[in-house]
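K.L.:
Take a look at the letters that make up each chain.
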Amino acid sequence: MRSTNYSGNILVRYACLQILFFSSLLNGGKAYSAEVADTLYDLPLDQLVNVEVVSASRFKQKSSEAPSAVDVVTAKDIQNYGWRTLADALTAMRGLYVRNDRNYSYLGNRGFSHTGDYNSRVLFMIDGRRINDAIFDQGFIGEEFMVDMNLIERIEYLPGSGSSVYGGNALLGVINVITKQGKDFNGLKVSGEVGSFDTYRGRATYGKQWRNGTDLIINGSRYYSHGQEQLYFSDFDHKNGGVDGIAHDMDHERSSKLFGKLSYGDFTLRGGYVDRYKRVPTGAYETTFDDNTYFTVDQQAYIDLDYIAQIKNDLNLELRGFHHWSKYYQYQPSEQQGINTINYDTANARWWGGEIKLTGTQFAHHKWILGLEVQNNAQQQQLNYTILQNPVPYEELLLSAHSNGWRTGVYLQDEYHITDSLLLNVGLRLDQHYMLKNLQLNPRIGLIWDASPTITAKLLYGSAFRAPNAFERYYNIPVEEASYKSNPNNTEELIKSYEAIAEWRPGNGLKLLGTVFYNNLQNVLEKNITEADIGKKDSTYGMYNNTGHYQTYGFELGAEKRWDNGRQFKLSWTHNYTRDEQDDQPSNWAQNSPKNLVKLHYTEPFFNDTVRLSFEEIFVDQRRTIKIPNGIAPSYHLLNIHLSLSKPLHGFQPTLGIYNVLDQHFEVLGSNEHKQNTLEMDGRTVRFRLEYGF
Amino acid sequence: MPFWVGVLGLTLSLGITIPKTTLANPSSSEQTLTVAFLYNFLKFSEWPTQNTQNTQNTQNNILNLCVTDNTAFEAELNAIDGRIAQNKIVRINRIELGESLKECQLLFLPREEKPIRIREWLKNAKNTPTLTVSNMDNFLDIGGMIALIDDGTRLQFEINLTQVKSADLKLSAQLLQIARAIRGK
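Chains A and B, in that order, are what the protein sequence lines are.
Once you know that position 357 of the first sequence is 357 in our numbering, the rest is easy, because the numbers rise by one and skip nothing.
Once you know that position 52 of the second sequence is 52 in our numbering, the rest is easy, because the numbers rise by one and skip nothing.
Read the hints as simulated data drawn from the structure, not as lab findings.
Computed from a predicted structure; not experimentally measured.
Heads up, a few of these hints could be off.
To be verified - Distance ranges between label pairs, derived from CB positions:
id, chain 1, residue 1, chain 2, residue 2, range
1, B, Ile142, A, Leu439, 38 to 48 Å
2, B, Gly82, A, His637, 57 to 67 Å
3, A, Arg567, B, Ile142, 40 to 50 Å
4, A, Pro443, B, Gln174, 49 to 59 Å
5, B, Leu176, A, Ile641, 35 to 45 Å
6, B, Ala72, A, Phe688, 27 to 37 Å
7, A, Asp46, B, Ala72, 21 to 31 Å
8, A, Thr288, B, Asn78, 18 to 28 Å
9, B, Asn78, A, Leu510, 35 to 45 Å
10, B, Asn78, A, Ser635, 18 to 28 Å
11, A, Ala364, B, Leu176, 28 to 38 Å
12, A, Asp46, B, Asn87, 37 to 47 Å
13, B, Gly184, A, Lys647, 20 to 30 Å
14, A, Val611, B, Leu176, 44 to 54 Å
Said to hold, decoys possible - Heads up, incomplete: computed chain A residues facing chain B, CB under 10 Å, no partners named:
id, residue
15, Asp42
16, Leu43
17, Leu48
18, Gly213
19, Gln362
20, His366
21, Asp420
22, Ser421
23, Trp504
24, Arg505
25, Arg684
26, Thr685
27, Arg687
28, Arg689
To be verified - DSS-like, lysine-lysine: derived pairs with alpha carbons at most 30 Å apart:
id, chain 1, residue 1, chain 2, residue 2
29, B, Lys126, A, Lys511
30, A, Lys511, B, Lys43
31, B, Lys126, B, Lys43
Note that CB positions come from ideal geometry on N, CA and C, so glycine has one too.
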């Protein structure tokens, strides 16, 4: 009976909250956060000591104590450099590189980027909550990412394996996108932008914090890009049996996004939705080239309810529940024996779960975290059928795979301050996953030593796993020419990563960093597409098998300096060698692995920091291609220049960005589904945005 | 529906009660409250006027609140920038380890700073009449003057009067009265 009352209580509370919001919206409620704070500053001291503290931050980790070589970009950086998507921002971060095949964007980490899967080896989070989908483990980083760039407070990238706290997928790193609060907007902001290739975006954001601390943020946006009118692919021109090799109006992209966050007391409710349409111009998967019925749609939605409370002075509790939905579908036109067919491929998923996390500081010099995480992949549906209109309407079901299951993880971490200057961070996590027979136990150990007030050294070791996803396990097309076969026997991928880091902050806004790392990634799931003899396929042809093995050795150097006047300089260099242990070539240099990544960021303020001019220069070294095994995609430079106002002028805030200023038609790799060995990217583009705040 | 049941189940299984967030009780984020305390410390402290090193600011009618570059709450600090305390204008100064503290009437050291760095800051503040405040644990033990302490629900403060006096600073009687504890005489 108690439970009924209890749930009723919560529902009533939320109903009341909603009424409260709308009524204050109607009143044009003036209880802005600034006012709340203002009255607080004028409170006499004897009353100040009686003010209750909300939102405990005692349990936040210092980034300098994180067992990782963390890289962070902030809202200010996003504003300065004009990054349009999460992929743009990630491109700017140390050790990361992005490949786009005009369908999705794919992230590479420290010389490892495996084509043919969808960012499944990186854990993506919004406000610390996993958002990788439940079929492909996909991390969305292009227009299909549901948080608009203006809502982002901070992006944290923790390279290395992080299974000990985060569970599966955190093989190569964790990317955490932290969203802003309503008080950061304090009113309504609308913005419109126009860009090259008929690109438009409209956006509205409303944010507010009320006197009682309630904080609301709502953001909605629409995006449309016509894209290039003509894209030329030589693999489809007349020399190669096609017409002219030009894909006409095939680069369309549209998206609609909605994101909201409501905090009240110890509760935070988040929700998001995205719907994105992309035409695919590359003729991938042997589809009819230059046929505008080839497109991909991705839709995702989620809600997440958090309860974070400091139960006692030395004990913090986090409780959360979440529910996600995702749908993907793709229409692929093709011509078989003179008959035009359309293949419809779709995946629908729904998953929900919760987490309990306790953080305690009762024992001197120790901070412990104990957590339990459960997720029920309630629906994982993959369908594929062929549709024929002529000569007779006809549908043939090729795939109907349904699966579901639970994954559970228990983790324990302890931060032990051995002395003032020596910190030991030990984590251990045990996972049970419905795709795997065995329990997964993954440790992480970090030793962090403050050698002096300005020098910190870190030694890290960690391991992580990734279970096969529903796509790798169950996707099966029983047609001779299609190369997909389900594999009930595939199992987890494993990584062991080792890293040594030195950070030096000599003062004057200068920060220097050096790291040496070694990654050993084993049992990597790879689709078998080798043919024993021509036309003769072996029994595991088309299956995802645990055959891959990669080792990466490398180092990183970084320098950062910030001046008081707003000037900023950041330089990073990642050098690595990634070896494909399966490769019998004399050079077993892995595919799609640039040995060098260099990133330079520079912001110069003008007119007493009212105007900022920012330069971004990204160098990506040459990469070995896939379609032509010893082919090379040449190295490239990407130079972007962005002009912005640091504060609105009469409510208006215009920005102007010129991307790929040098008009380099750089190339990224085609994957197995492509005919193209490399795909040429857009040249110089321009974007203008005007924002107005009410 | 199973989702909500799940969430509620989780909540219930721990038997946690939802705290009453009544609108009448004043409540605030820890950041805002911390800054409110710092502002009050500026109001109720007295700096030596004869000190040649410090005369410039007092003559210029400015009270400098110095914070380290690791202090996160920028918006809250900016909210008191330009306010008046003791007929002087409060200014927020971000400074780095190694920089001179001569101009700083108050130095706030957030617990986000590492202990080894906080010790270094305190060492640098030794010879200047600068009021040192921190929310780190054991701040008074390592030579700090005012420690902000989160007792789980409220923010309190404790004073190490020996340190305050040795820097030629004076704290008002009101401040001493409200302090949760005072060390030294």
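K.L.:
For Val611 of chain A and Leu176 of chain B, compare the CB-CB distance with the range 44 to 54 Å and indicate the outcome.
P.N.:
holds, 49 Å
K.L.:
Okay, Asp46 of chain A versus Ala72 of chain B on CB: inside 21 to 31 Å?
P.N.:
This hint holds: roughly 28 Å between Cβ atoms.
K.L.:
Mind checking the hinted window 37 to 47 Å against the Cβ distance between Asp46 of chain A and Asn87 of chain B?
P.N.:
violated, 22 Å
K.L.:
Hint validation: Gln362 of chain A versus chain B, beta carbon distance must be below 10 Å. Holds or violated?
P.N.:
violated, 12 Å
K.L.:
Holds or violated: is the Cβ of Gly213 of chain A closer than 10 Å to a Cβ in chain B?
P.N.:
holds, 6 Å
K.L.:
Let's test the interface hint: is any C-beta of chain B closer than 10 Å to that of Thr685 of chain A?
P.N.:
violated, 33 Å
K.L.:
Falls inside 35 to 45 Å, the C-beta gap from Asn78 of chain B to Leu510 of chain A?
P.N.:
violated, 24 Å
K.L.:
Between Pro443 of chain A and Gln174 of chain B, is the Cβ distance one that fits in 49 to 59 Å?
P.N.:
Given about 53 Å between the Cβ atoms, the range holds.
K.L.:
Was the hint right that Arg684 of chain A lines chain B, CB cutoff 10 Å?
P.N.:
violated, 36 Å
K.L.:
Within a Cα-Cα threshold of 30 Å, do Lys511 of chain A and Lys43 of chain B meet the stated pairing?
P.N.:
Violated, at about 36 Å.
K.L.:
Checking hints one by one. Is Arg505 of chain A an interface residue toward chain B, by the C-beta closer than 10 Å rule?
P.N.:
For Arg505 of chain A, the interface hint holds, since the closest Cβ of chain B sits about 8 Å away, which is under 10 Å.
K.L.:
Does the CB of His366 of chain A sit less than 10 Å away from some CB of chain B?
P.N.:
Cβ of His366 of chain A sits 13 Å from chain B, so the hint is violated.
Against the hints set out earlier in the document, violations occur for numbers 2, 3, 5, 8, 9, 10, 12, 13, 19, 20, 23, 25, 26, 27, 28, 30.
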